[in-house]
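Peer 1: Sequences are here, hints too, so could you generate the full structure?
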Amino acid sequence: MGSDILAWSDFEGITLSHRLSQEEHCETGEPVSVTADVAKASFFEDGTGARL
Amino acid sequence: MSSVAIENLDIRYGNVHVVKSLDLQIKDGEFLVLLGPSGCGKSTLLNAIGGLTDVSGGTLHFNDRDVTWTDPKDRGIGMVFQSYALYPTMTVERNMSFGLRIAGVPRPEIEKKVKWASELLQITQLLDRKPSALSGGQRQRVAIGRALVRDADIFLFDEPLSNLDAKLRAELRLEIKKLHKALGSTMIYVTHDQIEALTLADRIAVMKDGIIQQLDTPLNVYNKPANEFVGTFLGSPAMNKIAGAFLPKMTALSSGPVRSALMSTGIRSPERSKTARRQRLVCVRSICTLPTPEMPHGRGRSLSSSRWEAIFWPGRISRALPSRTG
Chain A
0 MGSDILAWSD FEGITLSHRL SQEEHCETGE PVSVTADVAK ASFFEDGTGA RL
Chain B
0 MSSVAIENLD IRYGNVHVVK SLDLQIKDGE FLVLLGPSGC GKSTLLNAIG GLTDVSGGTL
60 HFNDRDVTWT DPKDRGIGMV FQSYALYPTM TVERNMSFGL RIAGVPRPEI EKKVKWASEL
120 LQITQLLDRK PSALSGGQRQ RVAIGRALVR DADIFLFDEP LSNLDAKLRA ELRLEIKKLH
180 KALGSTMIYV THDQIEALTL ADRIAVMKDG IIQQLDTPLN VYNKPANEFV GTFLGSPAMN
240 KIAGAFLPKM TALSSGPVRS ALMSTGIRSP ERSKTARRQR LVCVRSICTL PTPEMPHGRG
300 RSLSSSRWEA IFWPGRISRA LPSRTG
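As they're listed, the protein sequences go chains A and B.
Following numbering that gives the first Met the number 0, the numbering of the first sequence begins with 0 at its first residue and continues without gaps.
Following numbering that gives the first Met the number 0, the numbering of the second sequence begins with 0 at its first residue and continues without gaps.
Simulated from the structure, these hints should not be mistaken for lab results.
Among these hints, one or two may not hold up.
[Unchecked claim] For the chain B half of the interface with chain A, some residues (derived, Cβ under 7 angstroms), not all of them: (1) 224; (2) 225; (3) 226; (4) 227; (5) 230; (6) 236; (7) 239.
Each residue gets a CB set at the ideal place from its N, CA and C atoms; glycine is no exception.
Peer 2: In structure tokens, the structure reads:
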């Protein structure tokens with residue numbers, strides 16, 4: 000249990016949400032590199048929303 | 000203890016079809032949570048199980064007993080409501096024993112059951128007080144105690160913690176979990192609070208528009224959502240959604256670096272070959288930042304490792320605020 004930081008970044012018009020540990024420094028406007036754990040990605044049919 | 004079998008259940012209020020051809024099997028001793036947004040039909044379904052709402056079609060069985068049209072008092076259930084529903088003029092002891100007294104249970108047995116329930120819920124010192132002299136958490140304990148003394152086979156909870164502050168909610172959540180472990184009773188719990196659902200449930204039934212969208216363990220509902228609604232309903236912050244075309248390899252991609260890298264993961268769809276170029280929605284639960292902002296600006300690139308197929312790109316933090324996890 001402990002505090003963390005929710006942050007949103009903007010990439011080519013897509014808003015992405017991040018959960019950062021309290022040790023990570025972030026300030027509005029700061030350039031940042033991000034990574035997605037695609038092992039946890041879900042793929043859905045656009046329109047029906049059904050899982051693929 | 001009792002299992003619950005719901006088959007082809009329909010509930011209508013006039014022209015409004017609240018619960019639609021619903022099938023649900025709840026195991027003996029299971030803790031099942033009905034989770035969904037307001038108006039999805041979860042409380043209506045719970046009330047139908049408790050006999051407080053008439054069904055328009057279908058059947059309800061407790062074990063092998065058809066209870067579709069059985070009176071609530073004869074179903075062997077205990078209900079706990081969000082609003083406590085305590086009698087304000089009665090003491091805690093009188094509130095807890097009311098149902099037993101009405102049923103003509105002998106006084107020694109009533110005293111024994113009230114003592115047992117009050118000790119279990121740690122409210123023995125409150126038995127002489129009236130509800131107005133209790134905190135919200137204490138009132139809800141009394142309401143749970145009143146349900147406990149009835150020797151119910153099935154306990155129904157309708158958002159019992161919604162009126163409590165965050166600290167009390169966390170405490171009572173733990174108490175309810177312990178109670179389930181101690182009693183081993185079948186419990187059906189309605190909430191719109193995903194934390195409650197994920198921490199309490201053996202299985203979660205996620206509902207929307209009167210239909211169960213997914214019935215599964217908390218981990219599977221969280222990590223393998225059956226559809227986009229379930230994926231985006233659960234989780235805070237919400238899942239990141241990225242539209243793109245499903246393509247099996249990095250080659251011949253033109254949808255941009257984010258989509259390219261995500262699509263190159265080797266995740267396969269059974270019908271991939273048939274639908275390779277149809278529009279897809281990619282949802283990613285966790286997006287992490289990395290400490291090296293040294294990527295070429297304006298373009299992203301992918302990085303493979305033993306565990307990760309990762310994507311990097313330069314972005315900008317647009318908003319930041321402190322949060323708390325627990």
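Peer 1: Against the earlier hints, flag every one the structure doesn't satisfy and list their numbers going up.
Peer 2: none
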